[in-house]
Amino acid sequence: MSEEFFIQGNEACAKGALKAGCRFFAGYPITPSTEVAETLARELPKVGGSFVQMEDEIASAGAIIGGSWGGTKSMTATSGPGLSLMQENIGYAFISETPIVVVDVQRGSPSTGQPTMAAQGDMMQARWGSHGDYEPIALSPSSVQEFFDFTIKAFNLAEQFRTPVFVMADEVIGHMREKITVEDDIEIVARKRPEDKDNFLPFKNVENGTNPMPSFGDGFNIHVTGLTHDERGYPDTNDPKAHHELVQRLCDKILNNRDKICSVQSGECEDAETIIVSYGAPVRSAIEAVQKARADGKKVGYVKIDTPWPFPEEQIQELCANASNVLVVEMNLGQMFYEVDRVLRNDTDVHVLGVIGGLLPTPDEILSKIDEIGGN
Amino acid sequence: MSVENKFTPYMREDRLPHIFCPGCGNGTIMNAFLKGMEKAEMDFDNIAMVSGIGCSSRIPGYMNCDSLHTTHGRALSFATGLKVANKDLDVVVFTGDGDCASIGGNHLIHAARRNINLTVICINNNIYGMTGGQISPTSPKGSFGTTAPYGNQDAPFNLAELVAAAGATYSARWTTVQIENLVTSIKDGLKNPGFSFIEVATQCPTYFGRKNKLRTPTAMAVTLKMNTVFKSAADRMRPKELEGKIVVGEFAKRQKPEFTENIDRISEEKFGKKTLINSAYEEEL
Numbered sequence: 063m064s065e066e067f068f069i070q071g072n073e074a075c076a077k078g079a080l081k082a083g084c085r086f087f088a089g090y091p092i093t094p095s096t097e098v099a100e101t102l103a104r105e106l107p108k109v110g111g112s113f114v115q116m117e118d119e120i121a122s123a124g125a126i127i128g129g130s131w132g133g134t135k136s137m138t139a140t141s142g143p144g145l146s147l148m149q150e151n152i153g154y155a156f157i158s159e160t161p162i163v164v165v166d167v168q169r170g171s172p173s174t175g176q177p178t179m180a181a182q183g184d185m186m187q188a189r190w191g192s193h194g195d196y197e198p199i200a201l202s203p204s205s206v207q208e209f210f211d212f213t214i215k216a217f218n219l220a221e222q223f224r225t226p227v228f229v230m231a232d233e234v235i236g237h238m239r240e241k242i243t244v245e246d247d248i249e250i251v252a253r254k255r256p257e258d259k260d261n262f263l264p265f266k267n268v269e270n271g272t273n274p275m276p277s278f279g280d281g282f283n284i285h286v287t288g289l290t291h292d293e294r295g296y297p298d299t300n301d302p303k304a305h306h307e308l309v310q311r312l313c314d315k316i317l318n319n320r321d322k323i324c325s326v327q328s329g330e331c332e333d334a335e336t337i338i339v340s341y342g343a344p345v346r347s348a349i350e351a352v353q354k355a356r357a358d359g360k361k362v363g364y365v366k367i368d369t370p371w372p373f374p375e376e377q378i379q380e381l382c383a384n385a386s387n388v389l390v391v392e393m394n395l396g397q398m399f400y401e402v403d404r405v406l407r408n409d410t411d412v413h414v415l416g417v418i419g420g421l422l423p424t425p426d427e428i429l430s431k432i433d434e435i436g437g438n
Numbered sequence: 260m261s262v263e264n265k266f267t268p269y270m271r272e273d274r275l276p277h278i279f280c281p282g283c284g285n286g287t288i289m290n291a292f293l294k295g296m297e298k299a300e301m302d303f304d305n306i307a308m309v310s311g312i313g314c315s316s317r318i319p320g321y322m323n324c325d326s327l328h329t330t331h332g333r334a335l336s337f338a339t340g341l342k343v344a345n346k347d348l349d350v351v352v353f354t355g356d357g358d359c360a361s362i363g364g365n366h367l368i369h370a371a372r373r374n375i376n377l378t379v380i381c382i383n384n385n386i387y388g389m390t391g392g393q394i395s396p397t398s399p400k401g402s403f404g405t406t407a408p409y410g411n412q413d414a415p416f417n418l419a420e421l422v423a424a425a426g427a428t429y430s431a432r433w434t435t436v437q438i439e440n441l442v443t444s445i446k447d448g449l450k451n452p453g454f455s456f457i458e459v460a461t462q463c464p465t466y467f468g469r470k471n472k473l474r475t476p477t478a479m480a481v482t483l484k485m486n487t488v489f490k491s492a493a494d495r496m497r498p499k500e501l502e503g504k505i506v507v508g509e510f511a512k513r514q515k516p517e518f519t520e521n522i523d524r525i526s527e528e529k530f531g532k533k534t535l536i537n538s539a540y541e542e543e544l
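Sequence order for the protein chains is A and V. Count along the first sequence from 1, then add 62; that gives the number in the working numbering. Count along the second sequence from 1, then add 259; that gives the number in the working numbering.
For reference, chain A alone in the conformation it holds in the complex (with noise of 0.2 Å):
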């Protein structure tokens, strides 16, 4: 039997959470984000999990990588400030192989900015926020519905790749209200133990690039590092060989892995001259601009980015093949824009309406700003 609630976004986020199975969080208190911290506190006790108020960012991080290698699948929350403070240990969970997951609900920025007004500013700080090469995994919900839905997501997306996955929310979508469907049959990606204790090497360079994770206690009694590291997770730091080996499968086990991550959903995009490209709360105003667009008998579209990183480039460039202009609708100044400028700038001309200030941009904003780019 499937069950219904009437809940904030940031509420459904932890609902999620814990229907995915996660049974840590380590978290400091931030704008607009709190209420997850604060339900789970309240919850968690009640199911055998555990919640920790930490110090702060940094150790909220490091805490949940921690307890994600004892076994616990382990998430944190946070906005654009804390995500910062966490950058490092975020580039330690991807090359140690950590699955994690980390909300953001994004508030204007940089800095302290807009602690209570709704952003999308931290989008290529979830791509390219920790130092060095990795790829991310992002997901970004337009709904209560979806948030509680993509932390799910998350998780399974965290331990079937062993990596660090994001929830780019915002602060529209955390603090709103709407009613959530919880379906009876959720798919719960489960970690996965490796067999041979004596023969296991938790960092080979396997097919798929994902090794089984043990957790620690298990009696594999294995060394995990930040350190470029080889097969058994020995530093081997010298070896531009090992370093280019061990970054590249990093990278390949998400990117060769695109059809099954990426994810994106559309509409009136067939035979649309125009086509709005968004994500988060802004599709909200992108659908009901298209709708308007429509009853004028214009022929406009959008495409809603799920999964930002990694950036779903053919489904874009095969939805947007036919269409004239393509809008990019986003709560800052040109990010996202800028991906898929790069995927359809030889066949579109593509523009950006980026709004920030912390209010959604109006479905009226972006049929002026389509006008205003000659699209029909």
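Check before you lean on any hint, since a few could be wrong.
Said to hold, decoys possible - As a list, the in silico SDA-like pairs of lysine to any residue whose alpha-carbon atoms are at most 25 Å apart:
1) K108(A) with K533(V)
2) K254(A) with N537(V)
3) K315(A) with P452(V)
4) K108(A) with N376(V)
5) K259(A) with L275(V)
6) K259(A) with N305(V)
7) K529(V) with N319(A)
8) K81(A) with E541(V)
Unchecked claim - Per label pair, the in silico range of CB-to-CB distance:
9) I250(A) with P276(V): 42 to 48 Å
10) T299(A) with K533(V): 39 to 45 Å
11) F530(V) with N270(A): 38 to 44 Å
12) K450(V) with Q115(A): 27 to 33 Å
13) G391(V) with P302(A): 19 to 25 Å
What the hints assert, rightly or not - Where chain V lies over chain A, by a calculated footprint (3+ residues, C-beta under 8 Å):
14) 82 to 92
15) 126 to 139
16) 147 to 156
17) 309 to 318
18) 400 to 414
If you are wondering where the hints come from, they were derived from the structure by calculation, not from laboratory data. All figures in this text were calculated on a predicted structure; none of them were measured in a lab. From the three backbone atoms N, C-alpha and C, an ideal C-beta is built for every residue, glycine too.
Given chain A's structure and the hints, the job is docking chain V onto it.
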């Protein structure tokens, strides 16, 4: 040239030789740790080690147990998560003065405040060795380092006292020349069901020694020995008399509720739930 050490079975032999400099105190401290571990009758297979960045933090990499070599300063936050996720593990943290007192200072006082059951071995060589001899938050006033070419002007932290004040249930300081006391202290720290902090004042002839006219390991060891004052005697001495001295002994030894036990207690008493272990491997919870 290799002589079988009785502790070799605890080590990852395929990682030897280690990277420590000749005369470094790390080997002595590894030895003392394993001796204390045996005296405490710990199950080595149940030990998980966590470390940050620096010379001391390389120790877990040579031990044949689960080991998490983390980011600079953050070992205690990773260890907190690991211990909370699986409180049955005996979690030991190896860290140094730069790692835990400078970049990781906040995590140190908060882990002590929580009284989480971790055993921390802080190897204090008063200098950054891995990066080549810069002064640290425990460098004595007036000592020299590559970043204090005219002498360090800052007052050093008294780590064992700081951690005791922050709430640890066990805090002690010894040096690499008081092995038996150090072994006993490590044993007591491992057995203490709370936050245990054992600071070991050690020699770094390569960097601290070179910069401070103590070039040989022997010269450094003699200095450590000469400067040592037992806490019971130090308690009766004036601050002026204690300048430049290393006070050794126990700074905290008490009992308080432990952090992960508190988490368990709330789950059990309020909701009748046991804290799950290794739940990531379950499809349904």
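Evaluation of the provided hints:
no.: 1; hint: K108(A) with K533(V); verdict: holds, 9 Å
no.: 2; hint: K254(A) with N537(V); verdict: holds, 11 Å
no.: 3; hint: K315(A) with P452(V); verdict: violated, 42 Å
no.: 4; hint: K108(A) with N376(V); verdict: holds, 23 Å
no.: 5; hint: K259(A) with L275(V); verdict: holds, 22 Å
no.: 6; hint: K259(A) with N305(V); verdict: holds, 15 Å
no.: 7; hint: K529(V) with N319(A); verdict: violated, 44 Å
no.: 8; hint: K81(A) with E541(V); verdict: holds, 12 Å
no.: 9; hint: I250(A) with P276(V): 42 to 48 Å; verdict: holds, 46 Å
no.: 10; hint: T299(A) with K533(V): 39 to 45 Å; verdict: holds, 42 Å
no.: 11; hint: F530(V) with N270(A): 38 to 44 Å; verdict: holds, 40 Å
no.: 12; hint: K450(V) with Q115(A): 27 to 33 Å; verdict: holds, 29 Å
no.: 13; hint: G391(V) with P302(A): 19 to 25 Å; verdict: holds, 23 Å
no.: 14; hint: 82 to 92; verdict: holds (count 4)
no.: 15; hint: 126 to 139; verdict: holds (count 11)
no.: 16; hint: 147 to 156; verdict: holds (count 3)
no.: 17; hint: 309 to 318; verdict: violated (count 0)
no.: 18; hint: 400 to 414; verdict: violated (count 0)
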